[in-house]
Amino acid sequence: MSQPENVKKPEELRIGVFVCHCGLNIAGTVDIKQIVEYAKTIPDVVFVKENRYTCADPGQEEIRKAIREQKLNRVVVAACSPRMHEPTFRRTVTEAGLNPFLFEMANIREFASWCHPSNPQAATERAKDAVRMAVAKARLLMPLQTIEVPVTNKALIVGGGIAGMNAALDLAEMGFQVYMLENTQSIGGHMAALDKTFPTLDCSICIEGPKMVDCGRHPNIKIFANADLVRVDGYIGNFKVKIRQNPRYVIPDRCTGCGECKDVCPIEYPNEWDMNLGTRKAISVPFDQAVPLIYAVNKDYCIECFKCVDVCGARQAIDFEQKPEEVEIEVGAIIVSTGFDVYLPYDMPLLGYGKYPNVITSMEFERLILAAGPTGGKVIRQSDGKKPHTVAFIQCVGSRDKNKYPYCSNFCCMYTLKHVVQLKEKYKEDVEVYVFYMDIRSPGKGYEEFYDRARERGVNFIRGRVSRIDEDPKTHNLVVHSEDQTLGQPIEIEADMVVLATAAIPKKGSDEIARILNLSRGADGFFMESHPKLKPLDAPTDGVFYAGACQGLKDIPASVAQGSGAAARAATVISKPKWKIEPIISVIDESRCRNVTAKCGICVDKCPYGAIKAEPNKAAQVITASCHGCGTCVAECPQDAITQMHFTDAQILAQIRAALEKDPEDKILAILCNWCSYAGADLAGTSRFEYPPSVRAIRVMCSGRVDRDFILEAFRLGAGMVLVGACHLPYDCHYISGNYKMKARTDALKGMLTKLGMSPERFRVEYVSAAEGIHYAEVITEIDADMKALGKEKIKAENAKLRPIIENMLKRKK
Amino acid sequence: MGSKYLIFLGCAIPYRVSAYEISARKVLSKLGVELVEMPEFNCCGLPLDPVSHEAMLILAARNLALAEQQGLNILTLCPGCAGTLKKVNKILKEDKTLREQINAHLKEAGLEFKGTVTTKHIMQALTEDIGLETIRKAITKPLTNLKVAEHNGCHILRPKEYIGFDNPEDPQTLKTLIEATSATCLDYIDETECCGAPSVGVSDKVALQLARDKLSHIKMVNAQALITICPFCHIMYDTNELRIEKMFNETYGIPVLHYPQLLGLAMGIPPEELAFNELRVDATKIVKQVTEGAKQE
Numbered sequence: 001m002s003q004p005e006n007v008k009k010p011e012e013l014r015i016g017v018f019v020c021h022c023g024l025n026i027a028g029t030v031d032i033k034q035i036v037e038y039a040k041t042i043p044d045v046v047f048v049k050e051n052r053y054t055c056a057d058p059g060q061e062e063i064r065k066a067i068r069e070q071k072l073n074r075v076v077v078a079a080c081s082p083r084m085h086e087p088t089f090r091r092t093v094t095e096a097g098l099n100p101f102l103f104e105m106a107n108i109r110e111f112a113s114w115c116h117p118s119n120p121q122a123a124t125e126r127a128k129d130a131v132r133m134a135v136a137k138a139r140l141l142m143p144l145q146t147i148e149v150p151v152t153n154k155a156l157i158v159g160g161g162i163a164g165m166n167a168a169l170d171l172a173e174m175g176f177q178v179y180m181l182e183n184t185q186s187i188g189g190h191m192a193a194l195d196k197t198f199p200t201l202d203c204s205i206c207i208e209g210p211k212m213v214d215c216g217r218h219p220n221i222k223i224f225a226n227a228d229l230v231r232v233d234g235y236i237g238n239f240k241v242k243i244r245q246n247p248r249y250v251i252p253d254r255c256t257g258c259g260e261c262k263d264v265c266p267i268e269y270p271n272e273w274d275m276n277l278g279t280r281k282a283i284s285v286p287f288d289q290a291v292p293l294i295y296a297v298n299k300d301y302c303i304e305c306f307k308c309v310d311v312c313g314a315r316q317a318i319d320f321e322q323k324p325e326e327v328e329i330e331v332g333a334i335i336v337s338t339g340f341d342v343y344l345p346y347d348m349p350l351l352g353y354g355k356y357p358n359v360i361t362s363m364e365f366e367r368l369i370l371a372a373g374p375t376g377g378k379v380i381r382q383s384d385g386k387k388p389h390t391v392a393f394i395q396c397v398g399s400r401d402k403n404k405y406p407y408c409s410n411f412c413c414m415y416t417l418k419h420v421v422q423l424k425e426k427y428k429e430d431v432e433v434y435v436f437y438m439d440i441r442s443p444g445k446g447y448e449e450f451y452d453r454a455r456e457r458g459v460n461f462i463r464g465r466v467s468r469i470d471e472d473p474k475t476h477n478l479v480v481h482s483e484d485q486t487l488g489q490p491i492e493i494e495a496d497m498v499v500l501a502t503a504a505i506p507k508k509g510s511d512e513i514a515r516i517l518n519l520s521r522g523a524d525g526f527f528m529e530s531h532p533k534l535k536p537l538d539a540p541t542d543g544v545f546y547a548g549a550c551q552g553l554k555d556i557p558a559s560v561a562q563g564s565g566a567a568a569r570a571a572t573v574i575s576k577p578k579w580k581i582e583p584i585i586s587v588i589d590e591s592r593c594r595n596v597t598a599k600c601g602i603c604v605d606k607c608p609y610g611a612i613k614a615e616p617n618k619a620a621q622v623i624t625a626s627c628h629g630c631g632t633c634v635a636e637c638p639q640d641a642i643t644q645m646h647f648t649d650a651q652i653l654a655q656i657r658a659a660l661e662k663d664p665e666d667k668i669l670a671i672l673c674n675w676c677s678y679a680g681a682d683l684a685g686t687s688r689f690e691y692p693p694s695v696r697a698i699r700v701m702c703s704g705r706v707d708r709d710f711i712l713e714a715f716r717l718g719a720g721m722v723l724v725g726a727c728h729l730p731y732d733c734h735y736i737s738g739n740y741k742m743k744a745r746t747d748a749l750k751g752m753l754t755k756l757g758m759s760p761e762r763f764r765v766e767y768v769s770a771a772e773g774i775h776y777a778e779v780i781t782e783i784d785a786d787m788k789a790l791g792k793e794k795i796k797a798e799n800a801k802l803r804p805i806i807e808n809m810l811k812r813k814k
Numbered sequence: 001m002g003s004k005y006l007i008f009l010g011c012a013i014p015y016r017v018s019a020y021e022i023s024a025r026k027v028l029s030k031l032g033v034e035l036v037e038m039p040e041f042n043c044c045g046l047p048l049d050p051v052s053h054e055a056m057l058i059l060a061a062r063n064l065a066l067a068e069q070q071g072l073n074i075l076t077l078c079p080g081c082a083g084t085l086k087k088v089n090k091i092l093k094e095d096k097t098l099r100e101q102i103n104a105h106l107k108e109a110g111l112e113f114k115g116t117v118t119t120k121h122i123m124q125a126l127t128e129d130i131g132l133e134t135i136r137k138a139i140t141k142p143l144t145n146l147k148v149a150e151h152n153g154c155h156i157l158r159p160k161e162y163i164g165f166d167n168p169e170d171p172q173t174l175k176t177l178i179e180a181t182s183a184t185c186l187d188y189i190d191e192t193e194c195c196g197a198p199s200v201g202v203s204d205k206v207a208l209q210l211a212r213d214k215l216s217h218i219k220m221v222n223a224q225a226l227i228t229i230c231p232f233c234h235i236m237y238d239t240n241e242l243r244i245e246k247m248f249n250e251t252y253g254i255p256v257l258h259y260p261q262l263l264g265l266a267m268g269i270p271p272e273e274l275a276f277n278e279l280r281v282d283a284t285k286i287v288k289q290v291t292e293g294a295k296q297e
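For the record, the sequence lines run as chains A and B.
According to this note's numbering, the first sequence is numbered sequentially starting from 1.
According to this note's numbering, the second sequence is numbered sequentially starting from 1.
By construction, these hints were calculated from the structure, which means they are not laboratory data.
Treat the hints with care, as some may be off.
[Stated by the list, open to error] Now the stretches of chain A that chain B is said to cover, found in silico as 3 or more residues with beta-carbon under 8 angstroms:
(1) 433-440
(2) 470-476
[Claimed, not checked] Residues of chain B clear of chain A, computed beta-carbon distances all greater than 12 angstroms:
(3) M38
(4) A138
(5) D170
(6) L186
(7) I189
(8) D190
(9) E193
(10) M220
(11) T251
(12) T284
[What the hints assert, rightly or not] DSSO-like, lysine-lysine: derived pairs with alpha carbons at most 30 angstroms apart:
(13) A:K474 x B:K246
(14) B:K4 x B:K175
(15) B:K96 x B:K107
(16) A:K792 x B:K96
(17) A:K788 x B:K96
(18) B:K160 x A:K402
(19) B:K96 x A:K355
(20) B:K93 x A:K788
(21) A:K750 x B:K107
(22) B:K160 x A:K508
Computed from a predicted structure; not experimentally measured.
Here a beta-carbon is modelled for each residue, glycine too, at the ideal position from N, C-alpha and C.
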């Protein structure tokens with residue numbers, strides 16, 4: 001790995017600037033000619049070229065050609081967001097023999113043309129500044145070598161539903177060792193509890209059962225059922241995973257699954273697998289096809305009569321002394337397939353669930369109509385055990401509801417169609433069926449035809465939202481009050497049974513999984529993918545992938561497909577002997593480290609990854625492969641002894657100076673973290689949210705990198721306003737807690753600056769997620785309005801007062 | 001104990017359902033609540049909203065500004081008044097531009113709205129300020145054998161974002177208050193449905209049909225009385241009960257009590273002082289059951 005010190009006086013700087021039209025995306029607003037002419041005037045820029053599409057092959061070829069012919073040793077592309085094409089252009093310059101880290105991007109699309117369309121002149125000015133800032137950074141760029149780490153060729157699947165099982169089987173078939181973690185007693189997930197599957201009406205367990213058995217028997221798959229994920233350390237290719245194996249009070253290797261213990265057990269308790277409609281014994285398996293087929297004792301119910309121990313006899317499989325056991329495994333990739341939960345609408349009193357015995361959920365209905373279910377496949381009413389003759393199905397209970405879950409739960413329309421077809425085909429004319437719906441969503445293969453089948457069976461589809469269900473206290477029949485949009489009037493239907501198609505919601509414990517694996521969750525609570533279109537299977541944490549409904553609700557075919565997709569993604573990691581890591585990590589200058597002479601270790605405390613060690617009287621050391629490159633330690637080091645490669649103090653200060661070269665009092669200097677706030681700002685551009693063009697933005701990997709000195713320097717130079725953009729507290733930070741470290745630092749700084757007479761609104765910290773483009777635009781609009789309200793004169797006066805104090809504080813900087 | 005409010009009576013109560021006011025004053029005074037009169041109050045504003053939203057805001061803001069001058073919170077008996085004052089207070093507190101616009105009008109009367117007082121309906125004051133514990137302690141004649149039904153009505157609960165009290169889809173406060181008297185509060189179909197009053201004047205037939213449906217559901221569970229907390233709901237059931245019986249050729253005979261009347265009975269206040277004689281539907285039977293039956297038990 002290269003050290004900054006060994007770069008002495010480099011050869012003469014020869015910077016090439018490539019300005020992209022992006023068709024009319026940039027050129028339609030920004031005056032490209034002006035940018036080109038301006039770039040030519042910037043010192044050290046020896047070559048400027050415009051392209052219609054720099055990212056296309058001809059555009060890339062121009063760059064390669066110029067590097068060779070013009071002997072360029074730095075390249076700046078002024079085009080879209082670096083979050084879009086930085087990797088592309090790094091590859092381009094590498095192909096021409098230049099180190100990829102001698103490349104820098106100026107974002108003049110998301111940050112200029114797209115967000116200031118009605119002010120082309122201001123957009124052009126902002127683009128010029130962006131080019132100047134990029135060149136300023138480019139001058140100080142240093143070549144870096146990519147780091148390689150070894151890869152453990154094994155994978156962990158968290159969650160053994162249909163998606164996780166498919167991922168496991170695919171990886172195992174590729175020859176990789178796979179660990180499956182399942183927190184219930186059996187793999188199989190929701191699918192194992194279903195009766196039939198739409199639109200083919202094939203028996204769910206009949207098609208899933210064999211796959212479960214395959215997982216259980218595959219020599220490359222080891223299942224940890226009834227186990228929890230405790231802790232994950234490490235990084236892509238090298239995860240150390242701690243699993244807690246919860247006690248079953250049955251020794252897996254000795255249990256033959258014969259079930260003799262169950263037969264003698266005198267205790268029954270409600271079976272969760274049956275939605276608590278049926279019972280299971282205190283020693284039992286949740287369902288007959290469970291994998292692994294190992295019995296478990298529920299100590300909450302067990303009366304310790306030990307009949308099971310007697311009948312088990314010489315096999316000696318039952319062990320009441322079993323304790324939770326922690327297991328550590330090492331894997332190279334992790335697939336999260338934790339699935340979803342079903343919402344139980346106890347808090348929607350108007351529908352009477354939990355109050356009226358004959359109002360049930362679809363999942364309960366599923367267990368009733370299932371031949372192996374608690375009623376042996378008979379659909380009966382809870383109030384009197386009689387068969388219902390009129391059944392009303394109500395769609396979107398909790399889903400598509402602004403007061404509950406605003407999203408569509410994806411598969412409820414289809415499973416309700418399945419339920420009504422099953423009912424009609426089972427009981428024919430003997431049952432009248434109503435479906436109350438907002439829209440029937442049947443866009444899958446064969447789904448619309450299935451909807452037709454339901455209609456042909458004579459099911460009454462009523463388009464309208466149900467307002468209320470009343471119960472006749474004597475008969476326990478239900479009166480459904482709804483609107484009928486077709487009639488344009490309210491209607492009432494009396495039904496013997498009401499089935500609620502309730503929302504599917506994020507799995508309980510998702511927050512815990514997110515914390516352990518450092519994942520982020522969307523506003524709906526499901527896991528956020530790295531890119532909604534192009535990286536739908538990748539988590540923001542490298543080496544972690546998603547499969548199934550945990551990332552967003554999907555039905556069985558989609559979950560299966562995603563499981564295989566995630567397996568393929570994971571294989572791209574674990575099939576390699578070594579994994580390359582970006583070298584934008586922290587490096588400690590041992591000669592400046594205070595820990596040599598005093599007990600310091602601040603960096604050790606502040607590092608979110610525990611990637612720094614500081615032994616007494618020795619300089620602190622960064623564990624290269626553990627460093628994620630957030631730069632928090634760099635900002636915290638009181639001696640400025642730590643440098644983040646590619647985001648050095650000198651480089652960022654050069655960007656700040658370039659940004660505030662002209663009329664600093666009219667400018668908002670924004671320092672944005674790469675993952676959330678910069679992405680949010682990009683989204684503001686992509687969404688064409690217009691905001692004032694006074695902002696000049698600098699990208700850092702994490703807000704934790706924002707050094708106090710950056711803010712002081714900005715105000716010393718006369719900046720009007722300063723904004724630090726970060727990921728939302730508490731868990732959104734992509735470096736675990738960089739945003740917290742930044743908050744502590746900036747809170748103190750803000751207090752100090754305010755005391756020194758600066759208007760508090762001039763320094764703001766805002767939390768903007770990657771999804772909050774509108775929020776970013778609003779924040780900038782607000783800050784701009786505040787800046788205008790303060791007025792240039794007041795800002796200048798405050799700055800004049802502050803400058804001597806700040807200069808004194810910045811003395812140690814050159 | 002020792003709570004002090006400005007009493008806001010509104011229009012309907014003093015003119016049409018004085019029994020509500022009489023019984024409420026009795027009960028509150030016995031619970032140690034001091035009510036301060038404020039003759040300067042004008043209409044809450046609600047009836048004017050469909051005609052002029054601004055006029056409604058000004059009327060309500062004037063009331064609130066007057067209360068602010070006194071430094072006292074407002075207590076109302078009518079849920080419509082409470083709802084309007086709460087809503088306008090919230091709107092004006094949150095909308096600076098609108099507040100300035102309304103204050104420009106109030107300035108002519110030498111007033112300014114600041115948003116410093118709160119408004120509570122008697123039911124909210126009873127549960128939140130006075131407290132169920134105090135109420136339970138004041139009960140001397142528990143209504144153990146009485147089975148009643150409740151009707152909340154609309155304004156006391158809706159719109160939720162302005163009222164911020166109880167759950168409009170599953171209201172519990174009135175039930176809790178009734179049960180504090182040891183009476184049984186029965187569940188029935190349509191509990192949260194409309195009494196019909198808003199439709200009076202537009203279509204009396206619709207209004208009476210709605211009230212009739214509810215009365216029949218209440219009868220179905222054999223409730224001995226219906227308890228209301230809104231003057232309009234009370235008019236709908238009490239004043240109109242005979243008319244409904246005639247119109248649908250049915251008999252209900254369900255007395256309709258204002259909640260303070262029920263509470264007053266349980267607190268041992270003589271029925272004469274609770275204005276039972278002003279009810280259209282004869283309540284003698286249950287009053288007797290309480291005053292005499294309690295002794296027998």
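Is it correct that the beta-carbon of E193 of chain B has no partner in chain A closer than or equal to 12 angstroms?
E193 of chain B is in fact no farther than 12 angstroms from some Cβ atom of chain A, at 8 angstroms.
Beyond 12 angstroms from every Cβ of chain A: is that where the Cβ of D190 of chain B lies?
6 angstroms, violated
Straight-line alpha-carbon gap K93 of chain B to K788 of chain A, limit 30 angstroms:
26 angstroms, holds
Given the hinted pair K96 of chain B and K355 of chain A, is their Cα-Cα distance within 30 angstroms?
Not OK: K96 of chain B and K355 of chain A at ~45 angstroms, beyond 30 angstroms, violated.
Would the non-interface assignment of L186 of chain B survive a Cβ cutoff of 12 angstroms against chain A?
At roughly 10 angstroms from the nearest Cβ of chain A, L186 of chain B sits no farther out than 12 angstroms, so the non-interface label is violated.
Nearest-CB test (12 angstroms) between chain A and A138 of chain B
About 30 angstroms separates A138 of chain B from the closest Cβ of chain A, which puts it past 12 angstroms; holds.
Given the hinted pair K160 of chain B and K402 of chain A, is their alpha-carbon gap at most 30 angstroms?
14 angstroms, holds
Coverage of the stretch 433-440 of chain A by chain B, judged on three or more residues with CB within 8 angstroms
violated (count 0)
Quickly compare the C-alpha distance for K750 of chain A and K107 of chain B to 30 angstroms and report which way the hint goes.
Measuring from Cα to Cα gives roughly 40 angstroms; hence the hint is violated.
Taking a Cβ-to-Cβ distance below 8 angstroms as contact, does the stretch 470-476 of chain A have at least three residues touching chain B?
It holds: at least three residues are needed, and the stretch 470-476 of chain A offers 4 whose Cβ sits within less than 8 angstroms of chain B.
Hint check: K474 of chain A vs K246 of chain B, CA-CA at most 30 angstroms. Holds or violated?
27 angstroms, holds
Consistency of the no-contact label for D170 of chain B, given chain A and a CB cut of 12 angstroms
Answer for D170 of chain B: violated, closest chain A Cβ roughly 3 angstroms.
In this structure, the earlier hints numbered 1, 5, 6, 7, 8, 9, 10, 19, 21 are contradicted, and the remaining ones agree with it.
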